[in-house]
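Enquirer: The lines below spell out each chain.
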Amino acid sequence: MGKREVVESCMDNLMIEMVSAYCNQFYATKPELAARRIEAIGYHVGHQLSERYTMEHPRFSDHLEAIKFICKDFWSELFKKQIDNLKTNHRGTFVLQDNRFRWLTRMSISPTNTDLSQDSSITTIENKALQATSMYLYFPCGIIRGALSNLGIACAVSADMSNHPACSFVVRVKA
Amino acid sequence: MIVCIAVVGHQSFTEADDALKLHHIVHCSLDVIDERVNNPKKTGSTLNETYLGLLYPTENYKVYGYLTNTKVKFILVTTHLDVRDADVRNFFRRFHSAYVDAVSNPFHVPGKKITSQTFAERVSTIVKSFGLSSAV
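Line by line, the protein sequences give chains A and B.
Residue numbering for the first sequence follows my numbering, starting at 1 and increasing by one per position.
Residue numbering for the second sequence follows my numbering, starting at 176 and increasing by one per position.
No wet-lab data here; the hints were simulated from the structure.
A hint or two may mislead.
[Claimed, not checked] Pairs of lysine-lysine, DSS-like flavour, derived with a Cα cap of 30 Å: (1) Lys-3/A with Lys-68/A; (2) Lys-87/A with Lys-3/A; (3) Lys-246/B with Lys-288/B; (4) Lys-80/A with Lys-303/B; (5) Lys-87/A with Lys-287/B; (6) Lys-246/B with Lys-72/A; (7) Lys-87/A with Lys-72/A; (8) Lys-248/B with Lys-3/A; (9) Lys-3/A with Lys-80/A; (10) Lys-287/B with Lys-81/A; (11) Lys-87/A with Lys-288/B; (12) Lys-174/A with Lys-303/B; (13) Lys-248/B with Lys-72/A; (14) Lys-3/A with Lys-246/B; (15) Lys-303/B with Lys-3/A; (16) Lys-174/A with Lys-288/B; (17) Lys-248/B with Lys-68/A; (18) Lys-128/A with Lys-30/A; (19) Lys-248/B with Lys-288/B; (20) Lys-80/A with Lys-174/A; (21) Lys-3/A with Lys-81/A; (22) Lys-128/A with Lys-287/B; (23) Lys-303/B with Lys-68/A; (24) Lys-87/A with Lys-30/A; (25) Lys-174/A with Lys-287/B; (26) Lys-288/B with Lys-3/A; (27) Lys-288/B with Lys-303/B; (28) Lys-87/A with Lys-68/A.
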């Protein structure tokens, strides 16, 4: 079973289309449901990917080892680089920071694209732009959650995109 | 000769022959695996051997276990008397690879029985070559 390769832009386009389909067609009036569906897809993918990428790996002794695996090997397989910064409060919360998140590097969240005549303040425009971008973060959050749950760690994952193109994922382990 | 291979994640079995006895063997070996796992050991994927010769005075089964990072257990029951360690490890490595490919199927529901035809074929190929390679 040899490896088969696909052009990266196919993956980018698939992501964009997935978010667009769920937000604009399937759950146009209910963005929270669209977000949940996208995150669930990510969960399934993460589950399967973690099965594949932990094959050669010795078993993890604790949560920190599993998170480090996500930061190094798992992230390199997915995005060809490692997580740049990992912080923890040693009480079940981990912050994984990627200084140049691959799937969003080509995305502009500049507010000039939106219709300026409608909205009053600059902050609401920026908020809308950030909200639109955050839809794209549900898929990677789901991937992380799926991978960790397959390693036996139940958690909740959220993402923060405030300093684009850097992106941080916050993992809260359920006790 | 391999009599049975079981994949136990959350209840799924493949290729059983004389099902009831083998289910019993597999359940016993699950207990042994749990004992081994709960003793803090820093080894990699464990390969443990449980000899159940005493339970069955007429036939001698050897049972091998393999535990993946995702808490999925593979149990191999064989009647082959002089199995080499390297062969079993090799077998489990190939079986693990086939398992990962089967689970990566988007139509596979995690936790349910694996129904892929390709998986069944690959497993029977691996099983057949197991017997041959260990004959020196």
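Enquirer: Does each hint hold? Answer for all of them.
Expert: Consistency of the hints with the structure:
1. Lys-3/A with Lys-68/A: OK: Lys-3/A and Lys-68/A at ~26 Å, within 30 Å.
2. Lys-87/A with Lys-3/A: Roughly 34 Å between the alpha carbons, so the hint for Lys-87/A and Lys-3/A is violated.
3. Lys-246/B with Lys-288/B: Holds, because 16 Å separates the two Cα atoms, which is no more than 30 Å.
4. Lys-80/A with Lys-303/B: violated (38 Å)
5. Lys-87/A with Lys-287/B: Status violated; Cα separation ~37 Å.
6. Lys-246/B with Lys-72/A: holds (21 Å)
7. Lys-87/A with Lys-72/A: At roughly 14 Å apart (the allowed maximum being 30 Å), Lys-72/A and Lys-87/A satisfy the hint.
8. Lys-248/B with Lys-3/A: holds (26 Å)
9. Lys-3/A with Lys-80/A: holds (16 Å)
10. Lys-287/B with Lys-81/A: violated (34 Å)
11. Lys-87/A with Lys-288/B: violated (39 Å)
12. Lys-174/A with Lys-303/B: violated (45 Å)
13. Lys-248/B with Lys-72/A: Since the Cα atoms of Lys-248/B and Lys-72/A sit roughly 25 Å apart, the hinted pair holds (cutoff 30 Å).
14. Lys-3/A with Lys-246/B: At roughly 26 Å apart (the allowed maximum being 30 Å), Lys-246/B and Lys-3/A satisfy the hint.
15. Lys-303/B with Lys-3/A: holds (25 Å)
16. Lys-174/A with Lys-288/B: holds (28 Å)
17. Lys-248/B with Lys-68/A: It holds: about 24 Å lies between the C-alpha atoms, which stays within 30 Å.
18. Lys-128/A with Lys-30/A: Given pair Lys-128/A, Lys-30/A holds - Cα atoms ~16 Å apart, limit 30 Å.
19. Lys-248/B with Lys-288/B: It holds: about 14 Å lies between the C-alpha atoms, which stays within 30 Å.
20. Lys-80/A with Lys-174/A: Holds - the C-alpha atoms of Lys-174/A and Lys-80/A are around 29 Å apart, at most 30 Å.
21. Lys-3/A with Lys-81/A: The hint holds at about 20 Å.
22. Lys-128/A with Lys-287/B: Violated - the C-alpha atoms of Lys-287/B and Lys-128/A are around 42 Å apart, more than 30 Å.
23. Lys-303/B with Lys-68/A: violated (39 Å)
24. Lys-87/A with Lys-30/A: Violated: Lys-87/A and Lys-30/A sit about 34 Å apart, past 30 Å.
25. Lys-174/A with Lys-287/B: Within the cut-off at roughly 25 Å; holds.
26. Lys-288/B with Lys-3/A: holds (26 Å)
27. Lys-288/B with Lys-303/B: Holds: Lys-288/B and Lys-303/B sit about 23 Å apart, inside 30 Å.
28. Lys-87/A with Lys-68/A: Status holds; Cα separation ~11 Å.
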